[in-house]
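Engineer: Residue numbers (this note's numbering), protein chains in the order written: chain P, 1 to 412; chain Y, 1001 to 1257; chain H, 2001 to 2233; chain W, 3001 to 3313; chain A, 4001 to 4289.
Check each hint, because a few of them may be wrong.
What the hints assert, rightly or not - A few chain P residues that don't get close to chain W, going by computed Cβ distances all over 12 angstroms:
1. Glu64
2. Glu78
3. Gly118
4. Leu144
5. Asn146
6. Ser201
7. Ala306
8. Tyr327
9. Gly337
10. Thr370
11. Arg377
12. Pro392
To be verified - Beta-carbon label-pair distances, calculated as ranges:
13. Y:Glu1241 - H:Gln2181: 32 to 40 angstroms
14. P:Lys258 - W:Phe3077: 48 to 56 angstroms
15. P:Gly283 - A:Asp4261: 31 to 39 angstroms
16. W:Pro3021 - P:Gln208: 50 to 58 angstroms
17. H:Arg2059 - A:Lys4162: 54 to 62 angstroms
18. W:Tyr3279 - P:Gly386: 34 to 42 angstroms
19. H:Ala2069 - W:Phe3297: 18 to 26 angstroms
20. P:Pro281 - A:Ala4165: 42 to 50 angstroms
To be verified - Derived coverage of chain A by chain P (criterion: at least 3 residues anywhere in the stretch with Cβ under 8 angstroms from a Cβ of chain P; other residues may be distant):
21. 4071–4085
22. 4112–4121
23. 4253–4265
I should point out that these hints are in silico values taken from the structure, not numbers from a laboratory. Note that the Cβ used here is the ideal one computed from N, Cα and C, for glycine as well.
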Amino acid sequence: MRTPSIRSRIVRSAFAIAAAAGLAAGTAQAQEGEPVRLGAIYIMSGTASVYGQFAEQGLELAIEEINDAGGILGRPVEYELQDSQLKADVAIQAARKLVYQDGVHALMGIDSSGVAAGLVPTIPELNRSLIITHAATPDVTGKLCNRNTFRISVNINQNMKGAAMVAAETDAKRWTTIGPDYAFGHQSWEFFGNYLKEIDSSVELMDQTAFPRFGNEDFTPFINSVMDSDPDGVLISLWGGDLVNFVRQANNLGFFDKGFEVMMTVGAATEVLSALGKDMPEGVWLSTRYWFGAHDNPMNERFVEAYASKYGNPPSYNAEGAYAAVYAYKAAMEKAGSTDADKVIDALSGLTVMTPMGEVTFREGDHQATVGPTWGRTAGMNEKYGIRNLDPARTFDGRDVTPSVAETGCKM
Amino acid sequence: MTQPILAVQNLSKMFGGVHAVNNVSLDVQFRETVALIGPNGAGKTTFYNMISGRMKPTSGTIAFQGRDITGMPPHQISRLGISRSFQINNIFTELTARQNVEVALTALHGQAVSMFRLASRNRPIQEEAEQVLARLGLDDLAHQRAGVLSYGDKRLLEIAIVLATRPTLVLLDEPTAGMTPEETRHVTRLVRKLADSGDYTFVVTEHDMSVVFDLADRILVMHRGQRLAEGTPEEIRNNPEVRQAYLGEEEEEEAQA
Amino acid sequence: MLSVEDIHTFYGESHALQGVSLEIGEGEVVCLLGRNGAGKSTTLKSIVGLTPPARGRVRFEQREIQRMATYRISRLGIALVPEDRRIFAGLTVKENLEVADQAGRGAGKRWTIEGVLEAYPMLAELRDQDGATLSGGQQQMLAIVRALMTEPRLLLMDEPNEGLAPVIVQQIGELLDELAQTTTILFSDQSVPFALKHATRAYILEKGQVAWSGSTREMRDDPSIQERYLSVA
Amino acid sequence: MKGSIPLVVMAAVLLALATLPYYVPYFYIFVATEVLIMGLLAGSYNLIFGYTGMLSFGHAAFFGFGAYITAMLLMHFEVPLLWAMIASMAGALVLAAIIGFFCVRLDEVYFAMLTLAFGMMVFAVALQWRSLTNGSDGISGFPLPEFGLGIDLTLADPMVYYYMVLVIVVLASAVLYLITRSPFGLMLKAISENPERVAFCGVNERRHRLIAFIIAGTFAGLSGALFAPFNRVANPDMVHWTQSAEPVLMTILGGAGYFMGPYFGAAVFVLLETWITSYTDQWMLFLGIVLALMVLFFRRGLLGTVLDRVMGR
Amino acid sequence: MESFAASLLNSLDIALLLFVIAVGLNIVFGVLNVINFAHGALYMLGAYFTFTIVNIWGLPYWPSLIIAPLAVAAVAIVIERVMLRYVYDRHITDSLLLTFALLLIIDDLVLMIWGPGIQVVEPPALLKGTFTVFGGRYPVYGLFVIFMGLVMVWGLWALFTKTRAGRIMRAASIDRDMAQTVGINVPMVLTGVFAFGAWIAAIGGVVAAPMRAIGPAMGDKIIIESFIVVVIGGLGSFPGTFLGAIVLGLIHGFGGRYLPDISLVLPYLGMALVLLLRPQGLMGGRGSA
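Next up, chain P with everything else stripped away, as it sits in the complex (with noise of 0.2 angstroms):
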């Protein structure tokens, strides 16, 4: 008869831990100097997890500089991190912890497409705002979008119209790419192709592109047939360590010598630029959601210095992404005048914010914000940091690139 007592016991004291940590921060409703907690997700294990560690570094500086100038409302700010293991099915459990357990006031994060496609549904019954500040996916401020939801980073058609103003005015006509299998490459390829050609009619968008799967290392196969297909241009939405793979592959193959266009969705990203150095080549056409050296104002002036100095190395857009994002809910708390989940959406919609990209305003329709990538072609080595300079770098404004609330089929 111990069979029972002991499972119970098991169960009691998990559940009696569990519930004394619930409790303390559950009834965390607006105290003075109660701190004010935002819970974040990212993707902390596995193949890509350094865009958890950027984002990390990001959020820490810009609690650290909040907290050292007061806080927000005058509470200190304390930040709870979980792992999205890249699954959408574990994000959205770890949001529930992070609001009813840990007792978040705001939510914040996401780095892949799938994972905001399976936890942006969920959060309207969480009763928090989450701002999103990596994921590009269109439908989590289009089709999936919902009242609690935000994202401050670049999105694909932002990121896409602009790459079809820059493939526009090069004299390619004829384009390809080679993206991903999966979501995020194919609709990187099909917003380029309806983008481009509504400025251009007569460009050609080729039947065969190239879909490699994901993590797929090797791409040499891939590499060849586009050679051989002898387009004029090509959209490459490869990133991470795929694409680091790519261009080396790519280089030793001769492929940035054939004279085509070579335009990368998301090659800027310091960690591609760092470990690629100088093979990355000159002349193709980079972009990202946030270059360091692109915004001239004060407060990106201040983010790179600080984040250089205590990390060693440029921000990535990750970093921006999740330092913008604590700064955006700190205006919208500011705003709200509390931390009341209700009262920060509320403010958070159509509120303006200045971010190292310069002002952006969460637009009402859709609650995305007025932000526009980076195009730059890749010219010499940046000594300081060992990677590639973006010159002539152009940074799209939000607001040309944003297609409007109507196009996003969002309805609020």
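For this one, chain P is given, so just place chains Y, H, W and A on it according to the hints.
Structural biologist: Same frame as chain P, but now just chains Y, H, W and A:
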């Protein structure tokens, strides 16, 4: 002579060029007990394996109750009424003794795919299982996990499973192997009793000659895959060829010297 | 040289050896007789530690070996030619020998691969053939020679004649006699004449116990022993 | 009576689960819901692994398939959840019949590898047939409609959903339990120990293994059908081999062959993950160490080890 | 068309790298009867050690080809001695679970030690650049991979057939008891084989380092690929592993290009077909390790 219950004709089995069983024929009459003996490697187990469907013969035919069963899968042969025991214990150690028997009974009664009733409420089968166990003197051990039974009891349970399939023909493969002398006597008496009941036909392989002579109506001696001799126990006992096969055949004259 | 004292061995849950004791002196050739399942194989396997005895002692040249790992027992100088020969399938004849070759482990080298191949030309012809493709007799030769490669002072052979044609059995017998000149041998068999011819002493096992022991001369002189324990009677 | 212990335990656990929302923090309703769903997945897996001895690496195929069917039906047809669940089970049944038809021909490692291959084929289809499955993003943002049969449930309320899951998982588990205790279940246990002997008792053991595979797949489909609305998403992760690994881990962790083992394993696994991830980023390290220790020291799984002690085996 | 030849060569270098990784897995399975889920993690360790040697210690590439595999083999010895050897006699699921736990542990330790960033190791000067085949360009490093793969094929073949150590491994995989009986220290052989498998995996890691981005969990992908190779070729078959690697290399080299819509299904389809039609694998059966 009536039609034999088991008619094996010219059965052969080759393993990579070697004749494990070579052209062996055997007729077994209903209610008879036939012992199959022979020194190691004589081909007895292979012979069993072919009759019970575990192996397909290379050539020859096997008929059971006049029906050709050559090459049938084991479960079909079993359903026709042939059941076998194994040389080494082949019981279900994680189940209780009674459940071991119930496995066979469940199959017998066509309930093997019955899912929406509790096996533990299956009184008819349980009662029958208990009867089978009782016949073998295992009734006290019905609720013991088979794995913890004594070796001898496991061998008996092995036979219980065989009987539970209600066979007409029972193939026993060394039923007393590894048993103590006392257990051996017990099993011999039991099989004797079952044979006398007239419900079963037995084919038994055994190395213990006292068991063989106690049980067998007729003995088939195999040697090197072939039929060496066949006859009553008395005939076999006095057959010089058989003695030679058992004691060794090398340089006979010296052995006699 | 070897003394086995009251060993009990369980095979799974079957009590295979129920107190077996044996003594073998240096230079002797001893035979274990008994029917199938009497415990002959298990006795030999228990000596080399493949089925370690649960109780009892095994001493080899005054060292207790009943708890020793098999490979260490082998290195002490006991070799086993197992019942089913257990040739390494997929390895050639020569490779089978090389695996067992104790070269480099110091101590007087009696058997070398070249030496045995020369001594047994039949194997020399088959040296590059897959061991699994050999005939039964060839496999048996190989198994014996492989055992020799471990430089045994005590050679255990488990039913070396099983399933072999008479002419081969005779060859094995000759080999056994030859080896007996230099090596102590314990072999098991079901064939009485073979045992009588090649062994000086015999043990008869029955149901995991020693039922009779004595010289082969006694056995030859008293046919009732054979009848009682070994024949169809 | 030793025999009554499992019943007492089960009754106690059921009572604890039924009153759970009244004594645990709110978040643990989600944890408990996940435990129940994963428990059903692992419990269905136990039917083929623990009871029949088949090590499958592709069980997520049925889980994911069930999740997709429910998600699609809710998304495109807004059918009542009950009908979606039934459809998921039917779909998983058909898929399991097809995959199982091939897989039960093989044994041991070969069976494991073949199930892995089929599971990953289903994953590849989920990922690459984008027009149907929406690719890597999966199907999300579907409404949670009524339950069906005129039963009025606010499914969006986590507490309501928890109770619905509890009832369904308990019912499904009861069916699974009945199956393991049925004559058929007895056959499965016998097959796992000694398939040949079962054949010699006149049973077509391959057919039995196939039936067990189909039943397990069907209930895995149900568990997927519960999981999709719980997380409001069905995506390829749910079909991936790493998802297949979870019921394997849970079952071994809890104790294969014990009916409650996998449920217990699911609880331990989910709770461990929840707690470790709260305290450290190095959750994989700790989970790995805990798993390794369990394999080395709890040979029969947690529940198995405990039961062995209690029953004195 | 000119790139067809390059694609073929490319398939070959994919195949030979796969071979190097899968063959260690297969040897460990053949001798120890353990499906080592952590095999890919050992490959990853090889790559990370190379990164440390080349980028952090500033040594040239070549010494890492010696140092890194030995270091990984040392890790493997510890793993075998403190954990793995206790589960040999158990059901195969126990070793599976244990090595899965090991995979989690190694993955996280790597993340802690080297951080999450993407790392790149430059190939040695000798192996930089490209050459032209049938009008298509092909990297010299690819040739090096092919060369190393063939050296491993030859070396392992020679080891298994020409050396005593190789024969002992084969003997131990065929019949452990008999190997003991002829005086082989089987426990030590088992430790040795596991370390050897790890050593081979690490060579794969060292060879891959200059051509693949090094990142956390990079071994997780390769492990399933290796399963496919081993299953297609035949569990426990050395020549089979080679053939299996070639088959999968061709599927990767051409499948994504000519059958993009089902490219992901192809490897698993191939694996399933082999299992159903020839469960022992294309080259399986008893015989060489």
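Engineer: Run every hint past the structure and note whether it holds.
Structural biologist: Tested hints:
1. With a least beta-carbon separation of about 19 angstroms from chain W, Glu64 of chain P lies farther than 12 angstroms from that chain, consistent with its non-interface assignment.
2. Every C-beta of chain W lies more than 12 angstroms from that of Glu78 of chain P, the closest at about 14 angstroms, which supports listing it as non-interface.
3. Consistency note on Gly118 of chain P: stated as away from chain W, yet its beta-carbon is not over 12 angstroms from all of that chain's, at 4 angstroms minimum.
4. The beta carbon of Leu144 of chain P is not kept farther than 12 angstroms from every beta carbon of chain W, the shortest such distance being approximately 4 angstroms.
5. A cut-off of 12 angstroms between C-beta atoms contradicts the statement that Asn146 of chain P is not in contact with chain W; the least separation is 9 angstroms.
6. Distance check on Ser201 of chain P: its Cβ is at least 26 angstroms (rounded) from any Cβ of chain W, clearing the 12 angstroms threshold; non-interface status holds.
7. Under the 12 angstroms C-beta cut-off, the non-interface status given to Ala306 of chain P relative to chain W holds; the minimum distance is some 23 angstroms.
8. Once the 12 angstroms rule is applied to beta carbons, Tyr327 of chain P is consistent with being away from chain W; the minimum gap is 24 angstroms.
9. The Cβ of Gly337 of chain P sits about 26 angstroms from the closest Cβ of chain W, beyond the 12 angstroms cut-off, so the non-interface label holds.
10. Every CB of chain W is more than 12 angstroms from the CB of Thr370 of chain P (nearest about 24 angstroms), matching its label as outside the interface.
11. Even its closest Cβ contact with chain W, about 31 angstroms, leaves Arg377 of chain P beyond 12 angstroms, as expected for a residue assigned away from the interface.
12. Consistency note on Pro392 of chain P: stated as away from chain W, and its beta-carbon is indeed over 12 angstroms from all of that chain's, at 34 angstroms minimum.
13. Remark: the range hint 32 to 40 angstroms for Glu1241 of chain Y to Gln2181 of chain H is upheld by a beta-carbon distance near 35 angstroms.
14. Remark: the range hint 48 to 56 angstroms for Lys258 of chain P to Phe3077 of chain W is upheld by a beta-carbon distance near 50 angstroms.
15. Distance hint for Gly283 of chain P and Asp4261 of chain A: a CB-CB separation of about 34 angstroms, consistent with the stated range 31 to 39 angstroms.
16. One distance hint, 50 to 58 angstroms for the beta-carbon pair Pro3021 of chain W and Gln208 of chain P, holds here, with the actual separation near 57 angstroms.
17. Take Arg2059 of chain H and Lys4162 of chain A: their Cβ atoms lie about 41 angstroms apart, and the range 54 to 62 angstroms is violated.
18. For Tyr3279 of chain W and Gly386 of chain P, the Cβ-Cβ distance of about 36 angstroms falls inside the hinted range of 34 to 42 angstroms, so the restraint holds.
19. For the pair Ala2069 of chain H and Phe3297 of chain W, the supplied restraint of 18 to 26 angstroms holds, since their beta-carbon distance comes to about 25 angstroms.
20. Hint check: Pro281 of chain P to Ala4165 of chain A, Cβ distance near 48 angstroms, so the stated range 42 to 50 angstroms holds.
21. Interface restraint, the segment 4071–4085 of chain A with chain P: violated (0 residues with C-beta to C-beta distance below 8 angstroms; minimum three).
22. Coverage of the segment 4112–4121 of chain A by chain P holds. Counting CB-CB distances below 8 angstroms, 6 residues qualify, and the rule asks for three or more.
23. With 7 residues carrying a beta carbon less than 8 angstroms from a beta carbon of chain P, the segment 4253–4265 of chain A meets the three-residue requirement, and the given coverage holds.
Hint violations for this structure: numbers 3, 4, 5, 17 and 21, all remaining hints satisfied.
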